[in-house]
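Colleague: The chain contents come next:
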Amino acid sequence: MTLLKVENLSIDFPTPDGLVSAVHETSFEISAGETLAIVGESGSGKTVTNLALMGLIPPRTANISGSAIFESHDGPIDLLSIDRNELRKYRGKDIAMIFQDPMSALHPFYTIGDQIIEAHQVHNQVDMKVSKARTIELLELVGIQGAGTRLKSYPHQFSGGMRQRVMIAMALVNNPLLLIADEPTTALDVTVQAQIIKLLEDLQKEFKMAMILITHDMGVVAGAADRVNVMYAGRIVESANVRDLYGNPLMPYTQGLLASVPRMDRPHTNRLAAIPGQPPSMIALPSGCSFNPRCGRKDEVGANKCETQMPELTPRGSGHLSRCFIGESV
Amino acid sequence: MFAYISRRLAVSLLILLTVSFAVYVIFAFLPFDPAALTCGKNCNDPGIIEANRRRLGYDLPFFTQYFIFLKGLFFGRSFGEGAALINCPAPSLGYSFQQHACVTSLIGEALPVTFSLAIGAIFMWLALGIGLGILAARFRGRIVDRLSTIFVLIGTSLPTFLTGLLLLVFVVIRWGLIPFPSGNYTPFLENPFEWGQILFLPWLTLAFAYAALYTRFVRSSVIDTSNEDYIRTARAKGLSEGVILGKHTLRAALAPIATMAGLDFAGLLGGAILTESVFNLPGLGRLAISAVVKYDLPIIVATTLLAAFIVVIMNLIVDILYAYIDPRVRVA
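Top to bottom, those sequences are chains D and H. Going by the working numbering, the first sequence runs without a break in its numbering and finishes at 469. Going by the working numbering, the second sequence runs without a break in its numbering and finishes at 407.
Worth flagging that the hints you see were computed from the coordinates, not collected in a lab. Be a bit skeptical, because a hint or two may be false.
Said to hold, decoys possible - Straight-line C-alpha distance at most 20 Å; calculated EDC-like pairs for lysine to aspartate or glutamate: (1) H:Lys-322 to D:Asp-253; (2) D:Lys-228 to H:Asp-401; (3) D:Lys-291 to D:Glu-276; (4) D:Lys-144 to D:Asp-365; (5) D:Lys-291 to H:Asp-401.
As the list claims (entries may be wrong) - Computed beta-carbon distance windows for the label pairs: (6) D:Asp-253 to H:Ser-81: 22 to 30 Å; (7) D:Ser-220 to H:Ser-295: 29 to 37 Å; (8) D:Ile-465 to H:Gly-216: 43 to 51 Å; (9) D:Arg-410 to H:Ser-81: 55 to 63 Å; (10) H:Ser-315 to D:Met-140: 29 to 37 Å; (11) H:Pro-267 to D:Ser-220: 57 to 65 Å; (12) D:Met-140 to H:Ile-218: 45 to 53 Å; (13) H:Arg-82 to D:Asn-202: 54 to 62 Å; (14) H:Phe-268 to D:Asn-202: 57 to 65 Å; (15) D:Thr-447 to H:Ser-295: 45 to 53 Å.
Quick reminder that beta carbons are idealized off the backbone N, C-alpha and C, glycines included.
Turn these sequences into a full structure, and let the hints steer you where they fit.
Modeller: Right, dumping it as structure tokens:
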């Protein structure tokens, strides 16, 4: 069953220097219980896509178009056109989000218990005791020792990894259908990163929820995702299930990303591969394929095609999509 | 929490002692003969001067004088002997020969006036400044915000003596909106209505200047806080904008106001010199100014010390209050 179907999502920010086209005509969908990873460099549009779905982009700062049909508990709703007050009822209930930096995402003046109970109370007309019991249950589930007493602790009394666990507990308190995890491990130590990803995977199975995992860590993607969308300069450039993407990356950008991951199973005599150049300015995108100035394989296409035409996102067999002239059926 | 408070208390006591010593040193080494000042500006009778020097203890070594002064704070102090004995009970801050009164009782008369002035003004400016600041932040760039900017500009540029005079001229005399604050200062317990009527304009004058500063501060603090990650988290939970502002944003945005308000209040308690002068209020500021003009040294020392004491005490209160507001301070 399709849980969320995003079609032609475009997000533009008017700025004094010109229109920043952060996301351009992006379409994707996610089924119930599935994990979709969205990968890409900073500024590729990963985060802003999901903020738009949550209705968290401040009003009047961006032009958002397209549709995002979400199968909520009350039937299908369009996340992009629904009234903001109406959307509030689903936010934190049917769709929850965890953020990149658990250091700053929790309110420093309130105990974590207060903050999680509040998230439960706002969507459930139940007694405080019920919310408190539910909070303790969740805190135990995310692996916080002595949840009953830790409830009264303030965020600064937890380590980074523990704070992210608290954030996860807060996001899951209402049994969401969809969890958006925006770089949940970026701010954490490497050893803690693995624990958090493992925790998210386990909880996803237990709660039977879908998850959008935003990351730029290809290692995280390989372990946790079912499908992967690779984004570059506001567009999806490749989309495939995780096995196909790692086994047969089609777009040179994806190939570059995968080549830049350190691997234990390869001889490490050579330096890590890097993608040359910088991500483009979002105000003045290069003509043709946005990736062409950094692409090492555009000669294979030839005739300046990459510099003049934007390739379409086209199917390359069994659910594998790629936005590249290379290998396009002639 | 208890350890935090007792440590802060100990430090405050040390600061108070240091401040009292510093003030005493400054006035002990001024190029005046304190004894000569006791009998008025044009007094040249060496007999009186020397008698007063002995009476006030100015003939003793410096440290002995300071020690006697400290002792007087706790046990009272008497000047002279026999029929001319003057007794100032604890806490004695000395004796003013020019006013023929113990300094403590002079301060005891002036302090309630200044306190009444400060307490009314702080309520007014907090209500006005915080209210307007929040409105300006909430409706940033809209008409309320523009008007608040104008208010801030006027409030911060007009000196209080001018605001006070303008209020007197227009609100009272020209437009007759409130009756002329006739008569002298009346204590609250004697006649609360008259107390409020006489103090209303002084409150307004002081509050006007401070409210402008607070409006500007609250506005930027609320705007900064609304951009915090934890406010985004609150929104992602599905909380209403009202709860987000009232519970999450304001708690963090207004915490620094406690510090500001505490110290501004302390500053005013030391004497609102200009406002008291414009409205002819017999407060600490006026007591200090008239003492400076007349070289009434004991009063100058006492009012300076008192102002410093109030600031130190207020600092302590603010620190304790802040630890209550912000849990992160408690561990430090």
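Colleague: All the hints need checking, so say for each whether the structure fits it.
Modeller: Verification of the supplied hints:
Using a Cα cut-off of 20 Å, the hinted pair Lys-322 of chain H and Asp-253 of chain D holds, with the two alpha carbons roughly 12 Å apart. Proximity of Lys-228 of chain D to Asp-401 of chain H is assessed by CA-CA distance (about 31 Å); at most 20 Å being required, the pair is judged violated. For the given pair, Lys-291 of chain D sits about 15 Å from Glu-276 of chain D by alpha-carbon distance, which is consistent with the 20 Å threshold. A hinted pair counts as satisfied when its Cα atoms are at most 20 Å apart, and Lys-144 of chain D with Asp-365 of chain D qualifies at roughly 16 Å.
With a C-alpha separation of about 14 Å, the suggested pairing of Lys-291 of chain D with Asp-401 of chain H holds against the 20 Å cut-off. Between Asp-253 of chain D and Ser-81 of chain H the Cβ separation comes to about 28 Å, which falls inside the hinted range of 22 to 30 Å. Under the hint 29 to 37 Å, the C-beta atoms of Ser-220 of chain D and Ser-295 of chain H, about 34 Å apart, fit the expected range. One distance hint, 43 to 51 Å for the beta-carbon pair Ile-465 of chain D and Gly-216 of chain H, holds here, with the actual separation near 49 Å.
Remark: the range hint 55 to 63 Å for Arg-410 of chain D to Ser-81 of chain H is upheld by a beta-carbon distance near 59 Å. Range check, Ser-315 of chain H to Met-140 of chain D: about 31 Å between beta-carbon atoms, so the 29 to 37 Å window is met. At roughly 59 Å, the beta-carbon separation of Pro-267 of chain H and Ser-220 of chain D lies within the given 57 to 65 Å, and the hint holds. For the hinted restraint 45 to 53 Å between Met-140 of chain D and Ile-218 of chain H, the CB-CB distance of approximately 49 Å keeps it satisfied.
In this structure the hint that Arg-82 of chain H and Asn-202 of chain D lie 54 to 62 Å apart at CB holds, the actual value being about 56 Å. Judged by the Cβ atoms, the range 57 to 65 Å given for Phe-268 of chain H and Asn-202 of chain D holds: they are separated by roughly 60 Å. Taken as a hint, the range 45 to 53 Å holds for the pair Thr-447 of chain D and Ser-295 of chain H, whose Cβ atoms sit roughly 49 Å apart.
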